[in-house]
Amino acid sequence: MTPGLRIEDVRFAYGAKTALDGVSFTVEQGAFCALLGPNGAGKSTLFSLLTGLMRAPHGRLEAAGHDLGRAPRRALACIGAVFQQPTLDLDLSVLRNLTYFAALHGIPRREAEGRARTALARLSMEERAHERARDLNGGHRRRAEIARALMHDPAVLLLDEPTVGLDAQARAALTAHVHDLARDAGLTVLWATHLVDEVRPADQVVILHRGRVVADGAASVIAGPRPLTDVFLSMTSRRAA
Amino acid sequence: MSPHLVALEAIVTREALRFVHQRERFVAALVRPLVWLVVFAAGFRAALGLSITPPYETYIAYEVYIVPGLCGMIQLFNGMQSSLSLVYDREMGSMRLLLTSPLPRGWLLFCKLAAGAAIGVIQVYAFLGLAAAFGIVMPWEGYLLAAPALAITGLMLGALGLLLSSFIRQLENFAGVMNFVIFPMFFLSTALYPLWKMAESSPLLRDLCALNPFSHAVELIRFALYAKPNPEALGWTLLALAVFAGLALRGYDPARGLIGRKA
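One line per chain: the protein sequences are A and B, in this order.
The opening position of the first sequence corresponds to residue 0 in numbering that gives the first Met the number 0, with each subsequent residue numbered one higher.
The opening position of the second sequence corresponds to residue 0 in numbering that gives the first Met the number 0, with each subsequent residue numbered one higher.
Errors might be hidden in some of the hints.
[Stated by the list, open to error] Taking CB as the label site, the calculated pair distances span:
id, chain 1, residue 1, chain 2, residue 2, range
1, A, Ala167, B, Val242, 49 to 55 Å
2, A, Glu27, B, Pro183, 56 to 62 Å
3, A, Pro37, B, Ala15, 41 to 47 Å
[Said to hold, decoys possible] Beyond 12 Å from chain A on every Cβ pair, some chain B residues (computed):
id, residue
4, Trp35
5, Ala60
6, Leu83
7, Phe133
8, Trp139
9, Pro147
10, Ala150
11, Ser200
12, Ala209
[Unchecked claim] To spell it out: a stretch of chain B is covered by chain A in this simulated footprint if at least three of its residues, at any positions, have a beta carbon under 8 Å from a beta carbon of chain A; those stretches are:
id, region
13, 2-11
14, 16-22
15, 100-109
No wet-lab data here; the hints were simulated from the structure.
This structure is a prediction, so every number in the text was calculated from the model and none was measured.
Beta carbons: idealized from backbone N, C-alpha and C, even for Gly.
My request is simple: use the sequences and hints to build the entire structure.
The structure is reproduced here in C-alpha cells:
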C-alpha cells in the first residue's frame, strides 16, 4: 500500500540557518501522526514544503504517492491543509468560504455546495453554513477551516498547530474530531503541535527537534512507562543543552 | 465549465465582493482624481498654455488634458492597492490558501490580476461619468475603445503591483511604495504635462518621462478616448506588462522561495 505521506531526507535552510536537516519519516494511509516539536523545531517549514509554498532543494516529499517536487499539482490535489494563521474570509458566510475554496480547486458551484454540506456535516457544523465567519467562535472557525480542507476529498490532511488560541474544551473537541476523521474516513493526518495532551497512545508520534527527527513510533512505545510529556521534554531539552 | 474558468470566476467575484464591502475605497478612488480635476487643474489652466498636439484637434483646456492621466492614476492606485491586499492576504494566510490550489500558479496569479484590473476599469468609468458631468465629454467611440485600452493598462499596473508584492515583506513598507513608486511614476509621466512641456524645463526629465511605462499607459488611454490609434504606446504597454508579469511569476516561484520566507 502506498503510504499517505513519505518524507525522505529533506533538507532546507533559510540562508545560512538550517531549518530541516535530513528529515525522514513515513505516515501510513489512514494513520494519525502527531508531529511534536518545540517552537522553532522546523514544523512550519515542513508544512510550507508539504503545501508547495516552498520547494525542497534536497530530498523527497510524497503525498499519496505523488512527488511534490516532480508532480506538485497532482500532489497538491490530494492534500488538504489547515494553516496556523486563520485563513477564513471573515466577511463571507461559512458556505461561501467553502465554495470559494472549492472553486480554486476547479469544483463548480453547484457541486461545491453539496460537498460543503457533507464536509460541514462531518464536523457537526451543518447548521452554521449561513453564518458569517466573523460571528463564529474560535473553535468553530477552526472546524470550518477543516471542513474547507476536506472539500476536494484529499487523501492527506495537514494541520499546523490547529488548536492555537482555543480553550481547553474546544481543543479537546477538535482533537477528537480529527482523530475520528482518520479512523472513519481513512484519511492520513499529520497534526503538528507542541501540546502533548493532544496525542493518543495509539497515534504515531514524530518528534522534531532542531530540524531533525529524534523519535518516530507509536506514542505508547515512545513513552514507555513514563508520561509522554516527560519523554518529550527530556528529548528536546537534553539535546538543546 | 473548465476548472480554470471556475477559479477565475470565483476569484473575480471575491474581489468584487470585497470592493463592494469597502465603500470608502470606492469613494476615495473617485475623490482623489476629482480633487485633481477640480482644484489642481482649475489653478493650472491659467498658468499652462497647451498647444495642439495629437490626439487633440483644437486647443484644449488643461482639465481636458489631464483626464486621461487621472484615469491612469486611478489604475495606478488600484494596482498598488491590489498589491497591498496581496501582502495583506499573504500575512493573513489566504494567499497561502490560493497557492495550495492544484491549478497552475501562473493562472491563479493571472486571475488575481484580472480581478484587480476589472475593478479598476469600473472605477475609471465612474470617474469618466463624473468628468462628463463637469462638461468634459469624449467622443462616444472613445468611451467604447477605452475599455480594451484600460484593460491592458490595468493589467500592466496590476502586474507591477504583483511584482512589488513579491518583494514587500510587511504591510508597513507600503508607505515606501507610495513614495518610491506611485509618486515618481505619476509625476514623471505625461499625465500632468505633455512631453514637449517637460522638455522646456529639462531634457533629462523629458527622457525619464518618455521611458516611464506609465506615460505610455496614459497615452494609450488618451488616444483610445479620442478613438485614435497609438501603436507605439500600445507596444510599450504590452512589453511592460510582459516584463512585469514575467518577473512577478518568478517572484512567486516556490523553488526560489521568495514567498516562503517566514512572514
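**Message:** To test your reading of the hints: which numbers does this structure violate?
**Reply:** none
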